[in-house]
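**Q** Work out the full structure: start from the sequences and follow the hints.
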Amino acid sequence: MLYREAGQFKSTYAEDQQIFPIRQDRVAVALLLAVAFVAVPLFANQYWLSAILIPFLIFSLAALGLNILTGYAGQLSLGTAAFMAVGAFMAYNFVLRMPWLGVIPSFILAGLCAAGVGIVFGLPSLRIKGFYLAVATLACQFFVLWAIQRWGWITNNSPSGVIAAQKVEILGYVFDTPQRKYLLTLSIVAVLALLAKNLMRSETGRAFMAVRDMDVAASVIGIPMMKTKLLAFAISSFYCGVAGALYAYTYLGTVEPEAFTLDLSFRILFMIIIGGVGSILGSFLGAGFIILLPIFLSILFGALSHATGMQIPHSVISNLELIIFGGLIIFFLIVEPHGLARQWQIAKEKLRLWPFPH
Amino acid sequence: MNRAQQIGDKILSVEGVSLAFGGVKALQEVSFDVREHEIRAIIGPNGAGKSSMLNVLNGVYHPQQGTIKLRANGAWKEFHDMDSHEAASLGIARTFQNIALFKGMTVLDNVMTGRNLKMRCSFLEQAIWVGRARREELEHRRAVEEVIDFLEIQHIRKTPVGKLPYGLQKRVELARALAAEPTLLLLDEPMSGMNLEEKQDMCRFVLDVNDHYGTTVVLIEHDMGVVMDISDRVVVLDYGRKIGDGTPEEVRANQAVIDAYLGVAH
Ligand SMILES: Nc1ncnc2c1ncn2[C@@H]1O[C@H](COP(=O)(O)OP(=O)(O)OP(=O)(O)O)[C@@H](O)[C@H]1O
Ligand SMILES: [Mg+2]
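Residue numbers (the numbering used here), protein chains in the order written: chain A, 1 to 358; chain B, 359 to 624.
Don't read these hints as lab results, they were simulated from the structure. Just so you know, nobody snuck in bad clues.
The list that follows gives simulated cross-link-like pairs (lysine-lysine, DSSO-like), each with its CA atoms no further than 27 angstroms apart:
no., chain 1, residue 1, chain 2, residue 2
1, A, Lys197, A, Lys350
2, B, Lys521, A, Lys197
3, B, Lys521, B, Lys557
4, A, Lys129, B, Lys461
5, A, Lys227, B, Lys435
6, B, Lys516, A, Lys197
7, B, Lys461, B, Lys521
8, A, Lys129, A, Lys227
9, A, Lys350, B, Lys521
10, B, Lys516, A, Lys350
11, B, Lys368, B, Lys427
12, B, Lys521, A, Lys129
13, A, Lys10, A, Lys350
14, B, Lys435, B, Lys476
15, A, Lys10, B, Lys516
16, B, Lys461, B, Lys516
17, A, Lys197, A, Lys10
18, B, Lys476, B, Lys461
19, A, Lys350, B, Lys461
20, B, Lys516, A, Lys348
21, A, Lys197, B, Lys476
22, A, Lys197, B, Lys461
23, A, Lys10, A, Lys348
24, B, Lys461, A, Lys227
25, B, Lys476, B, Lys516
26, B, Lys521, A, Lys348
27, A, Lys348, B, Lys461
28, A, Lys227, B, Lys476
29, A, Lys10, B, Lys521
Bear in mind that the values here come from a model prediction, so they are computed numbers and not experimental data.
**A** Encoded structure:
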């Protein structure tokens with residue numbers, strides 16, 4: 001089937017306003033979901049599920065959260081890891097102290113706690129922008145890690161600050177195997193991604209982008225600056241918080257505060273830079289790219305040393321990895337600030353015209 | 359001129375407004391009024407304080423002195439300084455001298471933002487989409503499409519505004535302002551940088567808006583031909599002071615105005 005909208009006439013605004021207005025896109029998304037929900041759990045092995053796919057989904061969710069704040073609302077933040085930490089440790093506390101709540105409500109409450117922290121640390125955004133705001137969000141990073149170590153109840157007085165995520169049980173069903181954990185993560189991520197997509201194509205999303213693109217004009221047409229910025233911080237932190245909870249419960253299992261350092265915030269920032277700033281799809285592409293890159297490189301170097309008979313030391317490989325990584329970031333920042341998502345868009349537009357480019 | 363809407367009573371009154379930036383006196387005791395349904399021009403040499411005046415009217419700048427009285431929904435309100443959000447909710451919309459569109463968004467989305475004050479759904483309803491949020495979105499889409507038709511920009515609906523030529527961007531900015539269904543429309547040099555044909559189109563749109571929706575227009579323009587053609591009354595500013603006020607003919611005959619434009623030393 002050709003990728004084309006010819007013949008798909010939209011006679012109502014409702015049709016034009018569908019989430020995926022082009023039929024081929026709808027088919028592709030349906031197929032992708034079928035593969036993700038049915039084929040993957042059936043055929044993927046344990047390693048792929050627990051070492052690649054689950055973290056991919058979790059990082060996608062965190063990147064999506066950051067993208068809402070930075071990509072859509074234009075507020076640069078380095079607090080992503082801190083919001084994830086709030087989500088992870090608060091989920092632990094809700095499950096521990098209010099076991100009757102159930103896991104999903106605990107995750108939601110943990111996300112709301114992260115949203116609260118996000119609002120507090122988003123307050124500086126009312127006065128400062130860009131680089132200075134990013135530095136202000138750093139305060140959040142240090143404060144949250146400090147609080148986790150300082151206040152014993154957060155870690156249930158664990159001496160080293162390490163917590164062990166409780167088993168995940170929903171309505172008597174235990175999510176203990178990689179397959180089940182994957183399906184749980186996938187379901188949560190899919191629902192949250194859908195909600196984000198809806199939100200970003202509604203008034204809220206437009207208000208975020210308006211504030212990002214031209215704040216004076218935005219307030220002149222009546223968009224409330226304070227409410228919009230703080231809402232962006234809240235929603236973004238909620239997503240990061242839920243991602244943090246999943247990070248603890250379906251990926252790591254045991255979590256120490258050091259899992260949420262500034263490094264992680266940067267990693268997620270790089271994901272949206274490479275994947276596409278201001279794009280839901282881009283959050284997934286970026287997360288996939290950054291998770292698969294080291295694996296791809298190690299396969300490449302493996303093949304290279306096999307072919308040449310030369311042994312490349314491990315330290316060289318990991319340094320090369322960083323160099324390639326840095327190079328890519330610079331490349332995307334300069335050449336394609338809209339990331340892989342834009343490349344995908346361009347490819348689709350070409351495909352639409354193919355095979356007659358004029 | 360033969361118009362559907364007769365010029366009515368005062369709708370806006372500016373009284374003794376002074377605004378300074380440090381030592382620069384952008385406005386000094388400026389007073390004037392605007393009547394319902396009229397097209398009121400503000401003219402003056404560069405740096406006269408015209409844009410500053412509009413910025414005071416919708417709360418972008420806050421004057422040190424003076425009051426602004428506005429009649430909205432039948433009642434007079436008095437302000438020392440406006441707040442942008444309040445100005446918008448009282449029915450004031452505007453365009454900027456240097457286009458202030460949302461560059462990363464499509465034409466359609468830009469115009470849709472103009473209706474943000476009329477949207478009632480919470481963000482949770484929008485996230486869920488089905489039901490009320492979808493209906494609301496559609497209802498406003500219809501209203502926006504009317505504005506898009508009116509300004510003849512249907513063909514660029516889905517284009518990101520950053521990619522459009524200057525003249526069309528000006529038109530999209532007008533569309534965004536109109537989408538709010540304003541009672542008072544402030545236009546800061548809507549025709550600057552346009553070629554003759556684009557200027558004629560823009561003149562026609564401004565007249566049509568005024569005629570068709572009854573919108574009161576306050577407009578800054580450098581092109582005297584345009585000002586004389588379309589405005590009912592003109593305010594002349596020079597060095598932050600009002601030096602003339604009246605019909606185009608009166609203003610043209612005013613010696614102070616002629617001197618200001620010819621650059622006579624003060
Ligand atoms: N934000 C600001 N900060 C400092 N000075 C300003 C500011 N805005 C305007 N001014 C000054 O106020 C004076 C009036 O400026 P304004 O932009 O209102 O003039 P204008 O009549 O619109 O001129 P033009 O025809 O060039 O657009 C100028 O001297 C200008 O430098
Ligand atoms: Mg000006």
